[in-house]
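Using the hints provided, position chain H relative to the given structure of chain F.
For the record, the sequence lines run as chains F and H. Taking my numbering, the leading residue of the first sequence gets 2, the next gets one more, and so forth. Taking my numbering, the leading residue of the second sequence gets 86, the next gets one more, and so forth.
Hints were generated in silico from the structure; no laboratory data involved. Hints are not guaranteed to be accurate.
Straight-line alpha carbon distances no greater than 25 Å define the calculated DSS-like cross-link-like pairs of lysine-lysine that follow [to be verified]:
hint, chain 1, residue 1, chain 2, residue 2
1, H, K184, F, K421
2, F, K395, H, K184
3, F, K171, F, K212
Derived list of chain H stretches under chain F, where covered just means 3 residues or more per stretch with a C-beta under 8 Å from a C-beta of chain F [stated by the list, open to error]:
hint, stretch
4, 122–135
5, 157–167
6, 177–183
Label pairs and their in silico Cβ distance ranges [stated by the list, open to error]:
hint, chain 1, residue 1, chain 2, residue 2, range
7, H, R196, F, K482, 52 to 62 Å
8, F, Q636, H, N163, 49 to 59 Å
9, F, E419, H, P144, 30 to 40 Å
10, F, Q636, H, L169, 56 to 66 Å
11, F, E97, H, G134, 51 to 61 Å
12, F, S215, H, R165, 56 to 66 Å
13, F, G376, H, R196, 52 to 62 Å
14, H, R165, F, L445, 27 to 37 Å
15, H, T146, F, E613, 54 to 64 Å
16, H, N150, F, E393, 39 to 49 Å
Owing to the predicted nature of the structure, the values given are computational and were not obtained by experimental measurement. Note that CB positions come from ideal geometry on N, CA and C, so glycine has one too.
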Amino acid sequence: MELRRGLSIAIVVTASAVSAQDAEPAAQRLSEFRAQVDGLADPAAAIAFATQSPRGSLVGWIVVEAQGRRVQVLDGEGNRAKEAEEWEYFVNESFELVEPSGITQTLDGRLCVSDSGSHCVTFGGGLCLGGRGTAPGEFNTPRGICIAGEKLYVADSRNDRVQVLDLDGKPLFVIGSRGTSEGHFLAPLDVAVDAEENVYVADSDNHRVQKFDSHGAFLKTWGDFGSYPGQFASPTSLDVVGERVYVVDRENHRVQVFDREGAWLYEMGVHALLPREGQGKIHYPDAVAVSADGTRMLVCEGFENRAQIFGIQPPLDPNEPPPIPQERNIAAHYGPEVGAAGNLIAVLEPGASTLALFRTELPEPVQITSIGIHGTRSGELLRPYDAAIDLERKRIHVSDPANARLSTYAIVGDFEGELKNDPYLLAFARSLDFVKLHELGKDLGARWLIEPEAIALDAHGRLYVCDPRNLEVWIVDADFKLVGKLDTGTDPFVAPAGVAVHPDGRVFVVDRLSGRVRVFGTDGRASGDFARDGLIAPSGLAVDHAGRVWVSDRATAMLACYSAEGALLERVGAPGLAPDQYFKPRGLAVDGRGELVVLDWGNHRGVLRGIEGDSAGRIVGWFGSRLFTRELREQKR
Amino acid sequence: MNVMLRIVVSSLVLLAGACASTTPTSSQARAAAAQPAWRDANEVVGGTGLFVVRYRTAPLTIPMNAEFAIRAWVFAANDREHPLDDVELAVDAAMPEHKHGMARTPRVERRSDGSFGISGMLFHMPGRWELYFDVTREALTERAQTRVELE
Numbered sequence: 002m003e004l005r006r007g008l009s010i011a012i013v014v015t016a017s018a019v020s021a022q023d024a025e026p027a028a029q030r031l032s033e034f035r036a037q038v039d040g041l042a043d044p045a046a047a048i049a050f051a052t053q054s055p056r057g058s059l060v061g062w063i064v065v066e067a068q069g070r071r072v073q074v075l076d077g078e079g080n081r082a083k084e085a086e087e088w089e090y091f092v093n094e095s096f097e098l099v100e101p102s103g104i105t106q107t108l109d110g111r112l113c114v115s116d117s118g119s120h121c122v123t124f125g126g127g128l129c130l131g132g133r134g135t136a137p138g139e140f141n142t143p144r145g146i147c148i149a150g151e152k153l154y155v156a157d158s159r160n161d162r163v164q165v166l167d168l169d170g171k172p173l174f175v176i177g178s179r180g181t182s183e184g185h186f187l188a189p190l191d192v193a194v195d196a197e198e199n200v201y202v203a204d205s206d207n208h209r210v211q212k213f214d215s216h217g218a219f220l221k222t223w224g225d226f227g228s229y230p231g232q233f234a235s236p237t238s239l240d241v242v243g244e245r246v247y248v249v250d251r252e253n254h255r256v257q258v259f260d261r262e263g264a265w266l267y268e269m270g271v272h273a274l275l276p277r278e279g280q281g282k283i284h285y286p287d288a289v290a291v292s293a294d295g296t297r298m299l300v301c302e303g304f305e306n307r308a309q310i311f312g313i314q315p316p317l318d319p320n321e322p323p324p325i326p327q328e329r330n331i332a333a334h335y336g337p338e339v340g341a342a343g344n345l346i347a348v349l350e351p352g353a354s355t356l357a358l359f360r361t362e363l364p365e366p367v368q369i370t371s372i373g374i375h376g377t378r379s380g381e382l383l384r385p386y387d388a389a390i391d392l393e394r395k396r397i398h399v400s401d402p403a404n405a406r407l408s409t410y411a412i413v414g415d416f417e418g419e420l421k422n423d424p425y426l427l428a429f430a431r432s433l434d435f436v437k438l439h440e441l442g443k444d445l446g447a448r449w450l451i452e453p454e455a456i457a458l459d460a461h462g463r464l465y466v467c468d469p470r471n472l473e474v475w476i477v478d479a480d481f482k483l484v485g486k487l488d489t490g491t492d493p494f495v496a497p498a499g500v501a502v503h504p505d506g507r508v509f510v511v512d513r514l515s516g517r518v519r520v521f522g523t524d525g526r527a528s529g530d531f532a533r534d535g536l537i538a539p540s541g542l543a544v545d546h547a548g549r550v551w552v553s554d555r556a557t558a559m560l561a562c563y564s565a566e567g568a569l570l571e572r573v574g575a576p577g578l579a580p581d582q583y584f585k586p587r588g589l590a591v592d593g594r595g596e597l598v599v600l601d602w603g604n605h606r607g608v609l610r611g612i613e614g615d616s617a618g619r620i621v622g623w624f625g626s627r628l629f630t631r632e633l634r635e636q637k638r
Numbered sequence: 086m087n088v089m090l091r092i093v094v095s096s097l098v099l100l101a102g103a104c105a106s107t108t109p110t111s112s113q114a115r116a117a118a119a120q121p122a123w124r125d126a127n128e129v130v131g132g133t134g135l136f137v138v139r140y141r142t143a144p145l146t147i148p149m150n151a152e153f154a155i156r157a158w159v160f161a162a163n164d165r166e167h168p169l170d171d172v173e174l175a176v177d178a179a180m181p182e183h184k185h186g187m188a189r190t191p192r193v194e195r196r197s198d199g200s201f202g203i204s205g206m207l208f209h210m211p212g213r214w215e216l217y218f219d220v221t222r223e224a225l226t227e228r229a230q231t232r233v234e235l236e
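So that you can see chain F by itself, here it is in the shape it has in the complex (with noise of 0.2 Å):
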């Protein structure tokens, strides 16, 4: 399918297939804001084009939503392109995407789309490369993807490696495979290309880039984990004209530029001061495409459902000294999960790699202590992911997908006396390696190394542990033991995303990317579902004391609450920061009082909302930055 179709334009070349001059003057950048286009659903990756008009040669864009299963055509100022409507539906309706994560296109104008949901990379026209699979040629959620001439690279993030491939899909070689040490990727989020066919790998949990020779040779790599100028805190997409290297830094707020070599060139991007603010503010980006000429830059940014557009920074006295690199804070974001029991709520805070405990009896929670340092030994955590609480034997579980661990700190001081800080609260005490028991052959035959995301806790101490790279609901007992998994039957998840365990013992599952909510009955196997249709994008799950069903809508911004059986109670919650309002959330519990814990991750922020008695529908409690804070302390005044 070519972008002429309804269209009345011609692609001149692509971002990845320019030559190797450097379209950019050497004191250059690529940051000055120029539009901002809201209103995309999870805009996820995008790439530029040019057009030819009565004007010359535009720049415009071609962007994929992953919430929204789509691509659309934005002209260089960020316009929806009215020309491109024909050709978009024409694209919608031929490529069928599920989650589409990664664009690009053949120097013929075809376009190429990843689909991390049905992992697959397509062409359109029921076309579809791949599937899931660890052969060659197969994938398992495929994301950043790249045509040079006749090659097509993949970033098949969940089989940690970039794969080549012809245009028919046939397998060339592959580069990597799980690890840390040079050559060896955690979760590769993108891949790029230069004039000389060499290959950039944004290695987004070993938060670094790589880059390989055009056979696949390992040359350098570059950055870790940090803020200062050339680390990196997940580093998520990156894009090659020229001479210059721009490589999306997500948990840093920023795009940061290198040469080929790696050289520190220049960084983009401020945080954003007030919620939701943007007007050259960047939060939480993705994805990065410049154009050809090097004098537009695209920043998809999907946490804030939009993208913004950049030219070039008019030069800089040259008697002024350059810009001083922002400070970077990287803590105080939480999220995804939370976890609530008794008198304390558990909270990871992914960017700093830490666990910190918050204690309930005051109306704004108090953190009473924080534990995790960002590594890969024991104790130490990589990408915290949920947290569950375990009063009776005085234990909190943390999940780590980028360790592939479980880890268990014990609570080994007084959390119910007074109220202060104690740093010596928690302490390691064990964890549980899927990578050894991957190598052990002691996984119950997983087909690939189980990732441990959302988990929940039962009343005989078994964690039930969701993993999106086996598509599996694993089931760990007390001692740590991995024991079985949900029975799915014939109706594999999707997506399992969150879990929660009902007080009759029976187990459910929130399976993103279907829509509902999966049913296990005490002897784990299915036994059916509800919702379908009545959401979108849900994320989190929780039970409470009344066996009703809590889940969270990212899309609606909403919370859903469902009886055991799967009748619709009510829906609260709209998109905002007033009370009982939220944005994108993420992780449900359920504390010892019977509240809900709403992890209102696009806010940064946790709140407690009642659910039953008099308080059932009031805010009565909040924890996190302040100016997300502020209209709850405004109403609790």
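Positioned in the frame of chain F, the structure of chain H alone reads:
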């Protein structure tokens, strides 16, 4: 430098005999030989009660800003007579209040007598340290930790 070690963990057992400096008689030597090598060692239980680590520092008083060594034995919590030979041991230390660890990485080697020799330990400043013994068997790692006040 006048440095004193204070161990303040209840599980720790430091026998007074460890400080005896008299020359043993032959009968005492025979009796000592019959005693296990971990006889005078400190003891700390793992965070979930699976393993027990016995250890002895050398010198007994941990010096400040100077290297010291550790000899350690690992036992199953329900059998404290036979050191385990199917586990791995990693040793580290940190100052949680300062949010830093040691400025070096210790080396751990298994000895033929069933113990582990740890070298390259160094506490570079006074204050509260935590000494970590991470015992790994297959995919499970359990930490036994103890507190050290270095003055």
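Hints and how they fare:
1. In summary, the hint linking K184(H) to K421(F) is supported, as the alpha carbons are separated by about 18 Å, within the 25 Å threshold.
2. A C-alpha spacing of about 23 Å is found between K395(F) and K184(H), which places the hinted pair at or below 25 Å, so the restraint holds.
3. For a cut-off of 25 Å, the pair hint linking K171(F) to K212(F) stands: about 23 Å separates their Cα positions.
4. Look at the stretch 122–135 of chain H against chain F: 4 of its residues bring a Cβ nearer than 8 Å to a Cβ of that chain, three or more, so the hint holds.
5. With a threshold of 8 Å between beta carbons, the proposed coverage of the stretch 157–167 of chain H by chain F is violated, since 0 of its residues qualify and at least three are required.
6. As drawn, the stretch 177–183 of chain H meets chain F at 3 residues by the rule of a beta-carbon pair under 8 Å; at three or more, the given contact holds.
7. Range check, R196(H) to K482(F): about 30 Å between beta-carbon atoms, so the 52 to 62 Å window is missed.
8. Restraint check, Q636(F) to N163(H): a C-beta distance of roughly 55 Å satisfies the suggested window 49 to 59 Å.
9. A beta carbon spacing of about 39 Å between E419(F) and P144(H) agrees with the range 30 to 40 Å that was offered as a hint.
10. At roughly 58 Å, the beta carbons of Q636(F) and L169(H) sit within the given window of 56 to 66 Å.
11. At about 54 Å, the CB distance of E97(F) to G134(H) agrees with the hint of 51 to 61 Å.
12. Checked against the hint of 56 to 66 Å, the C-beta distance between S215(F) and R165(H) comes to roughly 60 Å, which is consistent with it.
13. Taking the beta carbon of each, G376(F) and R196(H) are about 28 Å apart, not inside 52 to 62 Å as hinted.
14. The hint said 27 to 37 Å for the Cβ distance between R165(H) and L445(F), and at roughly 33 Å that hint holds.
15. With their beta carbons about 58 Å apart, T146(H) and E613(F) fall inside the hinted range of 54 to 64 Å.
16. A beta carbon spacing of about 43 Å between N150(H) and E393(F) agrees with the range 39 to 49 Å that was offered as a hint.
In terms of the numbered hints stated before, the structure departs from hints 5, 7 and 13, listed from lowest to highest.
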